[in-house]
Each structure stands twice: as C-alpha cells, then as structure tokens.
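The lines below spell out each chain.
Protein chains: 2
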Amino acid sequence: MFTDDYFMRMALQEADKALEKDEVPIGCIIVSNDRVIARSHNLMETLTDVTAHAEMQAITSAANFLGGKYLQNCTLYVTLEPCVMCSGALSWSQISKVVIGARDEQRGFINKGLSLHPKTEVVTGVLEKECSEIVKDFFKNKR
Amino acid sequence: MFTDDYFMRMALQEADKALEKDEVPIGCIIVSNDRVIARSHNLMETLTDVTAHAEMQAITSAANFLGGKYLQNCTLYVTLEPCVMCSGALSWSQISKVVIGARDEQRGFINKGLSLHPKTEVVTGVLEKECSEIVKDFFKNKR
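Residue numbers (full-length UniProt numbering), protein chains in the order written: chain A, 1 to 143; chain B, 1 to 143.
Among these hints, one or two may not hold up.
No distinction is drawn between identical chains; accordingly, a pair holds when it is met within one copy or between any pair of copies.
As the list claims (entries may be wrong) - Straight line, CA to CA, 27 Å or less: simulated DSSO-like cross-link-like pairs of lysine-lysine: (1) Lys136 x Lys21; (2) Lys142 x Lys97; (3) Lys112 x Lys97; (4) Lys17 x Lys119; (5) Lys17 x Lys129; (6) Lys140 x Lys17; (7) Lys119 x Lys142; (8) Lys112 x Lys140; (9) Lys21 x Lys112; (10) Lys129 x Lys21; (11) Lys140 x Lys97; (12) Lys21 x Lys119; (13) Lys129 x Lys97; (14) Lys97 x Lys17; (15) Lys136 x Lys97.
Source of the hints: derived by calculation from the structure; they are not laboratory data.
Use the sequences and the hints to build the structure in full.
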C-alpha cells in the first residue's frame, strides 16, 4: 500500500491545492516511517515570497515536527524536480530520500550539475506524466 | 557615507548577534535607496531549521516590506558568500546587487559553477578580513 505512487498521489493533491490558488501547481509531502509529517504546496504568489516553494515549507515543517533540523529516515515526494534553492536546502537537511515526479530540465538542480547530500537517495519519474501535465496545463492556460 | 564598507559593517553587526547566540556568525542586510529594509543573521540552531540562513530571512523580510516578491533596486550585503540554497533564492528574487564579504570556497555558490540572475551585479571582498575572521574564530573556538 505505502508505495512511491501512493505518496506521490498525495503530493499531487497538494499541487491541486496550489492550482486552486492560481499558483504554479507543485506539491510536496515528507514521510517518516510511512507517516506523513509535512505537506505543502507552492505559495510564492500568495505569500509574495520567492522562497515559499513547496519543498522549503515542507523542510521547515518536518524539522519542526521532528524537533531536529536533520531529516534522517525521511523521504520527500515532490511533483516537480527541485530548483537550485530547494536542492541546496535538501542538501543541508541530509534527508534520506527524495522522490521526484517530473523532471525540470531548465530550472531543476540535476542539469545544473548539482547533487544532494551523499547520504540522499534520489528517485525520478514517479507518476511522471500526471506531475508533468499539471504544470504544462497551467502554463498553457496562462498564455 | 553610504559606501559598501558602511553597509557591510552593519551586516557584521548582525553576524555579532548570531555569535552571541552561538550560531555560525553570518549576518546580512538589504538596502534600498540607501535605506536598510531588512536585517538578519543566521538562526539555524535557534530555529532548528536548515533554511534559516541570514539571506533567506532577509529576502522574505524585504519582500514583505516592499509588498512585492522581486527585489529590484535592492542590494544585499552578506558577510559570507551565499551557499547553493541562498544563491538560488537570490536568483529567484532578481535582486539588483549582492555584496559579499568573505568567499566560501567550499560551500559558496561561485565554486559550484552557479551564477545569480543575469540582472544581478556581484561584488566580493568588502571587509573581507573581518568577515572571514569572525567565522574562522568561531570554528577555532569550537574545536
């Protein structure tokens, strides 16, 4: 039951919440021992804050829940590949695993030649089609 | 009067505040039209949050002050070269100018091959000695 697909669907639900607010629809959850300890979605426009990406909020929220700043035994599920800022934050957090839906060839950290913490396992392509389409549709409707 | 040295001294005062809290002493201010609109220092330990770097807080704070997420006509003064996370946040903010005290060869964005927004002017080496020594002394005393 607790598969990567299962948790990525929850991240997609978060992306839907962003979409309802006319935000770029990116969602994210953090799971520890099969329990969701943080959920968030992009709030850049709502908060008028370029740092309010889904991942940044989730990292802060999970650390608050755990009472420690390192996200050991935690997995972050995010619908779109993290940007440079979010990859930097994930590196500092030493999170155990990051599961990515769709790749972001332009803004994502992978094509910038960056990597996360050596301890961090990275998985890409989980529910890739759904995660990609929600963002593409958003920008298509904007034009 | 309103020179880069003048404003970097204010960033150093913020670093001193971090030092008093036993935080890695890094301080930062954001200036718009010679007026300080944000000041902050590293609070990673105090807030138990890897995202609580001085620059991240200052970006959020300045955007809040300005009522807009882009930091046009703003200059950020920071005592230590921004990390990957903070450089990513600065890129999203499209800030006009970033003035750096000491370089961070290991963790700084420059040696990672990253650059800020094409609009952003970057100046390094302002009060380099003071900015470098406060961090070096901190880690020396930790050992």
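List of violated hint numbers, smallest to largest: 2, 4, 9, 11 and 12
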